[in-house]
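S.K.: Taken in order, these protein sequences are the chains called A and B. Following this note's numbering, the numbering of the first sequence begins with 1300 at its first residue and continues without gaps. Following this note's numbering, the numbering of the second sequence begins with 549 at its first residue and continues without gaps.
The set of hints was computed from the structure by calculation and includes no laboratory data. Treat the hints with caution; some may be incorrect.
[Unchecked claim] Partial selection, computed: residues in chain B whose CB lies under 7 Å from chain A:
no. : residue
1   : L593
2   : A609
3   : F653
Keep in mind that this is a model prediction, so the values were computed, not measured. Every residue, glycine too, gets a C-beta built ideally from N, C-alpha and C.
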Amino acid sequence: KQEVTQIPAALSVPEGENLVLNCSFTDSAIYNLQWFRQDPGKGLTSLLLIQSSQREQTSGRLNASLDKSSGRSTLYIAASQPGDSATYLCAVRRQGAQKLVFGQGTRLTINP
Amino acid sequence: DGGITQSPKYLFRKEGQNVTLSCEQNLNHDAMYWYRQDPGQGLRLIYYSQIVNDFQKGDIAEGYSVSREKKESFPLTVTSAQKNPTAFYLCASSFGQGAGYEQYFGPGTRLTVT
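Given the sequences, and given the hints that come with them, work out the whole structure.
M.R.: Written as structure tokens, this is what we have:
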């Protein structure tokens, strides 16, 4: 059974810092891994999708890496801003399955 | 303006009543999904549909029902058999069954049953 873990559960940093969010999964047989952002009371916004054959994806100040063999992904946020404050979720799609398996998220607070 | 819409945003019901949550997409996506989000438990899949007139149970389908009569629409009914219906419900969609497809989410419906 695929399990996804995100540590830490909450993180608070001052504005301008570069930071890394972690995601680990137990079964390396995945199609892809997706990072999402969720603001309080809102739906999920897709940030980055990494295919199993890829090592990383970049979008603006965001960079996501994938190490399938070790079951780890990281989301790097450069030059953090107060507007980056949200909960960040990672989810994996196991091979042969339609559904995403989600981690419980990291609640990020960027202090001005 | 393409996207996924869910209505209503907030829904209140008395225990014992069935309630239907709406999900519509104009992204021309084939697959649609319903997830439930509870504090501290992450998102869990309720039902999904890969094509019209076909759907499969997810991890927590008991007490829920769905239909897929149109490609654009995937309504979820929360029945009185669902023991703990109060939650945040999220609808998602994606292109087809291929491995590379992203899932896109709607804004959610918060259901409160008293």
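S.K.: Quick one: which hint numbers does this structure break? Sort them smallest to largest.
M.R.: 2
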